[in-house]
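Let the hints inform the model, and build the full structure from the sequences given.
One-letter residues, chain by chain:
Number of protein chains: 2
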Amino acid sequence: MSAYHLSESKSIAMMKFLALCFFVISLINIPIAEARIRHYKWELKYEYKSPDCYKKLVITINGRTPGPTILAQQNDTVIVEVKNSLLTANTAIHWHGIRQIGTPWFDGTEGFTQCPILPGDTFVYKFVVDRPGTYLYHAHYGMQREDGLFGSIRVALPDGESEPFAYNYDRSIILTDWYHKSTFEQAAGLSSVPFQWVGEPQSLLIQGKGRFDCSAANPPMKADVCNNTNPECSLYSTTVVPGKTYRLRISSLTALSALSFQIEGHNMTVIEADGHYVEPFVVKNLFIYSGETYSVLVYTDQDPARNYWVTTNVVSRNATTPPGLAVLNYYPNHPRRSPPTIPPSGPMWNDVDSRFNQSFAIRARKGHVYSPPATSDRVIVLLNTQNQVNGKTRRWSVNNVSYDIPHTPYLIALKENLLHTFSQTPPPEGYDFANYDIKVVQNNTNATTSDAIYRLQLNSTVDIVLQNANTMNPNNSETHPWHLHGHDFWVLGYGKGKFDPINDPKKYNLVDPIMKNTVPVHPFRLDSFLGLKLTILEFGHSIATLSRIFLWAWEWHLKKV
Amino acid sequence: MSAYHLSESKSIAMMKFLALCFFVISLINIPIAEARIRHYKWELKYEYKSPDCYKKLVITINGRTPGPTILAQQNDTVIVEVKNSLLTANTAIHWHGIRQIGTPWFDGTEGFTQCPILPGDTFVYKFVVDRPGTYLYHAHYGMQREDGLFGSIRVALPDGESEPFAYNYDRSIILTDWYHKSTFEQAAGLSSVPFQWVGEPQSLLIQGKGRFDCSAANPPMKADVCNNTNPECSLYSTTVVPGKTYRLRISSLTALSALSFQIEGHNMTVIEADGHYVEPFVVKNLFIYSGETYSVLVYTDQDPARNYWVTTNVVSRNATTPPGLAVLNYYPNHPRRSPPTIPPSGPMWNDVDSRFNQSFAIRARKGHVYSPPATSDRVIVLLNTQNQVNGKTRRWSVNNVSYDIPHTPYLIALKENLLHTFSQTPPPEGYDFANYDIKVVQNNTNATTSDAIYRLQLNSTVDIVLQNANTMNPNNSETHPWHLHGHDFWVLGYGKGKFDPINDPKKYNLVDPIMKNTVPVHPFRLDSFLGLKLTILEFGHSIATLSRIFLWAWEWHLKKV
Numbered sequence: 001m002s003a004y005h006l007s008e009s010k011s012i013a014m015m016k017f018l019a020l021c022f023f024v025i026s027l028i029n030i031p032i033a034e035a036r037i038r039h040y041k042w043e044l045k046y047e048y049k050s051p052d053c054y055k056k057l058v059i060t061i062n063g064r065t066p067g068p069t070i071l072a073q074q075n076d077t078v079i080v081e082v083k084n085s086l087l088t089a090n091t092a093i094h095w096h097g098i099r100q101i102g103t104p105w106f107d108g109t110e111g112f113t114q115c116p117i118l119p120g121d122t123f124v125y126k127f128v129v130d131r132p133g134t135y136l137y138h139a140h141y142g143m144q145r146e147d148g149l150f151g152s153i154r155v156a157l158p159d160g161e162s163e164p165f166a167y168n169y170d171r172s173i174i175l176t177d178w179y180h181k182s183t184f185e186q187a188a189g190l191s192s193v194p195f196q197w198v199g200e201p202q203s204l205l206i207q208g209k210g211r212f213d214c215s216a217a218n219p220p221m222k223a224d225v226c227n228n229t230n231p232e233c234s235l236y237s238t239t240v241v242p243g244k245t246y247r248l249r250i251s252s253l254t255a256l257s258a259l260s261f262q263i264e265g266h267n268m269t270v271i272e273a274d275g276h277y278v279e280p281f282v283v284k285n286l287f288i289y290s291g292e293t294y295s296v297l298v299y300t301d302q303d304p305a306r307n308y309w310v311t312t313n314v315v316s317r318n319a320t321t322p323p324g325l326a327v328l329n330y331y332p333n334h335p336r337r338s339p340p341t342i343p344p345s346g347p348m349w350n351d352v353d354s355r356f357n358q359s360f361a362i363r364a365r366k367g368h369v370y371s372p373p374a375t376s377d378r379v380i381v382l383l384n385t386q387n388q389v390n391g392k393t394r395r396w397s398v399n400n401v402s403y404d405i406p407h408t409p410y411l412i413a414l415k416e417n418l419l420h421t422f423s424q425t426p427p428p429e430g431y432d433f434a435n436y437d438i439k440v441v442q443n444n445t446n447a448t449t450s451d452a453i454y455r456l457q458l459n460s461t462v463d464i465v466l467q468n469a470n471t472m473n474p475n476n477s478e479t480h481p482w483h484l485h486g487h488d489f490w491v492l493g494y495g496k497g498k499f500d501p502i503n504d505p506k507k508y509n510l511v512d513p514i515m516k517n518t519v520p521v522h523p524f525r526l527d528s529f530l531g532l533k534l535t536i537l538e539f540g541h542s543i544a545t546l547s548r549i550f551l552w553a554w555e556w557h558l559k560k561v
Numbered sequence: 001m002s003a004y005h006l007s008e009s010k011s012i013a014m015m016k017f018l019a020l021c022f023f024v025i026s027l028i029n030i031p032i033a034e035a036r037i038r039h040y041k042w043e044l045k046y047e048y049k050s051p052d053c054y055k056k057l058v059i060t061i062n063g064r065t066p067g068p069t070i071l072a073q074q075n076d077t078v079i080v081e082v083k084n085s086l087l088t089a090n091t092a093i094h095w096h097g098i099r100q101i102g103t104p105w106f107d108g109t110e111g112f113t114q115c116p117i118l119p120g121d122t123f124v125y126k127f128v129v130d131r132p133g134t135y136l137y138h139a140h141y142g143m144q145r146e147d148g149l150f151g152s153i154r155v156a157l158p159d160g161e162s163e164p165f166a167y168n169y170d171r172s173i174i175l176t177d178w179y180h181k182s183t184f185e186q187a188a189g190l191s192s193v194p195f196q197w198v199g200e201p202q203s204l205l206i207q208g209k210g211r212f213d214c215s216a217a218n219p220p221m222k223a224d225v226c227n228n229t230n231p232e233c234s235l236y237s238t239t240v241v242p243g244k245t246y247r248l249r250i251s252s253l254t255a256l257s258a259l260s261f262q263i264e265g266h267n268m269t270v271i272e273a274d275g276h277y278v279e280p281f282v283v284k285n286l287f288i289y290s291g292e293t294y295s296v297l298v299y300t301d302q303d304p305a306r307n308y309w310v311t312t313n314v315v316s317r318n319a320t321t322p323p324g325l326a327v328l329n330y331y332p333n334h335p336r337r338s339p340p341t342i343p344p345s346g347p348m349w350n351d352v353d354s355r356f357n358q359s360f361a362i363r364a365r366k367g368h369v370y371s372p373p374a375t376s377d378r379v380i381v382l383l384n385t386q387n388q389v390n391g392k393t394r395r396w397s398v399n400n401v402s403y404d405i406p407h408t409p410y411l412i413a414l415k416e417n418l419l420h421t422f423s424q425t426p427p428p429e430g431y432d433f434a435n436y437d438i439k440v441v442q443n444n445t446n447a448t449t450s451d452a453i454y455r456l457q458l459n460s461t462v463d464i465v466l467q468n469a470n471t472m473n474p475n476n477s478e479t480h481p482w483h484l485h486g487h488d489f490w491v492l493g494y495g496k497g498k499f500d501p502i503n504d505p506k507k508y509n510l511v512d513p514i515m516k517n518t519v520p521v522h523p524f525r526l527d528s529f530l531g532l533k534l535t536i537l538e539f540g541h542s543i544a545t546l547s548r549i550f551l552w553a554w555e556w557h558l559k560k561v
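Sequences listed follow chains H and D, in order. Residue 230 in UniProt numbering is what sits at position 230 of the first sequence, and the numbering runs on without skipping anything. Residue 560 in UniProt numbering is what sits at position 560 of the second sequence, and the numbering runs on without skipping anything.
No wet-lab data here; the hints were simulated from the structure. Any given hint could be a false lead.
[As the list claims (entries may be wrong)] Mimicking EDC-like on lysine to aspartate or glutamate, the simulated pairs with C-alpha atoms at most 16 Å apart in a straight line are:
1. H/K181 to D/E47
2. H/K45 to D/E185
3. H/K181 to D/D224
4. H/K181 to D/E185
The structure displayed is predicted, hence computed values, not measured ones.
Dropping the structure here:
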């Protein structure tokens, strides 16, 4: 990472900055001849699909959801021509986990780095995938990601380089939750007065496929609306050869659900998280939160005469959503042949300790540790609460401020000095530590909304503490995944109760913390907080830094009341 | 109209044109002191409403659908600030029947005169309502009009001037048809391969209210989805005082349906159509087509001890849609008290003669006749067919060309000379008159799509013949309303069979034809064609003329297969 500490001047001109970028990129890309262009042409459309046997409109990329997997090698340039054919809706696509070094304007976040792509328009994203690993892409406009607009990005090492582990085959599997209501309906309900909660998802999808039990629908559904014999909702099946090692890149892009993932009869060895190698550890089930990616190694050492269940189920919420199912197909069994067993049940939804322990156990892989700075220049504590904002809608808030996306993208506003386009009142750096009781429902009558941003110094180090607290329901708190665009952070540790700014930092893991771009804050039952460290490592111009460092809640206030 | 023949030069510069406009408008507006500004602030939102007892997302203006009625006097300036809060969807609003003299860029037609209004944007429309009469506004982007984004514009005479008829009260009533599927679903089906027909509407709404029978739904619907006791879907009721004359401004903005409208026990005297006075005639039921407006006078001379049904029903299609109901409430009866009778049944759906006869009977009011030019400079014949276009989607076509909306608005493309943004191959001026059999299903394998436009000379007169023909179903043709933006045309007559360019023009009514902006072509059973005369009367600059003269089918290929 230290190679990126190149510029200390915040005042260099944009042209100079660009020239510097090209120079630096040319240094990184040695041998330059190996980096390739990966060119994709995508058309986005609304189409009727039946991912879980229920027919509804989804957003497809070239007719498919999930979209095509982007395959590239480190330092390749990825070009994606996105044609918006979504009738009357705009769009934008975020390249999740890609740092966009030198190209913050291609991060794909509407309101932050770009204006939306209009119907009929084609927008060309062009960026370098500078690190190997498992990444994602998805719509970053309204709730279009929940319409199915997402896919995988898999970045391999350059030719001749090898990973610190061995495997025979490589597969990508994205987990999502699925609602039968349109995202327009969901969003209208969530922003209406009174607030209308969307409820639990109807299905969990594994690589875009699930199974809603049409016969159990109440009121009943006609066969042209829900049909369990529709081949579109045959379960996802991945074929394996006995006696081989498979790298499975498991990721989650749920709207609401925290998940557990398991493969009947098979252990999984976790080896990568968010593009970083982790010290290998073995799990029966992997807990995964929206926006996270993991690679696990699976050895196909079980009885080859049968298939095995792949399952995912909701944790952290007492959900009504049935588990998601898929099939691990041992060749030469038929890929659609059901395993002879009952699918294994996942962990208890309220087994918070197990989830906490997984978070706590992850360490950077030996020999691949990027040591964090020992000190920080600034500490920001973010209290996660659920509020009645402005006396009306129910929304998630941070330090009693709920976030509004601005109409003018920050990147443009800052470059063009259009400071009237968003609030210049900085958001609070903390909350009333002394008096706020995180374990009870709070009135929070002073809750408000803002589109203000935290502005961080270039080349500075910032500690961020995410403090969970009670929601608007008694004795309840929720799991929150947090994602950072354009950067990774060190996960210094999890703690219980209220964060103590004097003593808790002494417990930080500064030896071998994992770097990630997405992490969960665990629920109230553990009174958890999460300490992150973030160093603003950025090429040149401060505009890019400012817009990319902003932290926001992963989900667009889509949570239980 | 001749007062508008001011400029014969097509090459005057834009600034000169604008200066001329202001000068002319100032002449028209004498006495200038009387013209006022009518200022409206609107916010568009998706909200759950139950217009016919079925709960679905609609587009509201300031929380309402239909939107507020715009009330103005002739020569007033109307300013509407439109804030788009439609989450991820753009919008545009068309001011239907307003000529936009000097302000073609405020016509509100996305792709023609403006780019769409983005979510979060506020677009300010500003135009002069230069003539008294009954007009409409509605979304002109995708199918948003069918989401409920529409309302009435009522332009009164200036103070001190009077209409050529008398009445005590003035009311506006808009008729619409209503689907339970979202317009996104409807549009996705219509543009999908294979084509998915939307079917008949579930309800007819009178001034935004109807009644779908929830108990008859199959499969049944839950009470939170469809509830006939919901006060939101109480029938529209308009209160009248006995012994008075009411001017009812009846208009239609259906997606599909041709309608009949009647008031139990009351005759209606038609006195205005599309902002023009007509020679009064009495009807028991008024046939009305999407985009048309009529004023009728109703005298409340019936038994005042009861209420009366107001009904509308589908004609021209053998539809499953039940009649729409409302209540004419004789004060002091309770407005919600049902009339003691069974609602009157409308005319037979296939009684084409009666509809034809109404179209044929309408004449300009004596003393208010604008005589059309005796000759024309050009004749364009437009064959209306239904085709399998490019071997795929089923669409309406004109002379075997189905229209595509361009991505760059014509007005901008022509002003900036961006001629690469749309096809420069002129669309055909006619079809194969000699060999085309309009009475049978045609193969039309050469059908294609185009965004080309008809470019007409300034100050020229054009005869347009709309020739109906068989659809893709045997022995079937459909009613098509046609609307012209920014201009009125003379309706010279209706004929039967195939238009004969030699003999049929001799039958044109050049004495007292009504001027309109919307007219229907009647179905095949009468082998009808419609002759229109249009004079390009426009202030100054040819750009404005070109973009505004383009004719397109009223409905966005939303018709029966």
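Consistency of the hints with the structure:
1. H/K181 to D/E47: 14 Å, holds
2. H/K45 to D/E185: 12 Å, holds
3. H/K181 to D/D224: With Cα atoms ~14 Å apart, H/K181 and D/D224 stay inside 16 Å; holds.
4. H/K181 to D/E185: 12 Å, holds
When each numbered hint is compared with the structure, no violation occurs for any of them.
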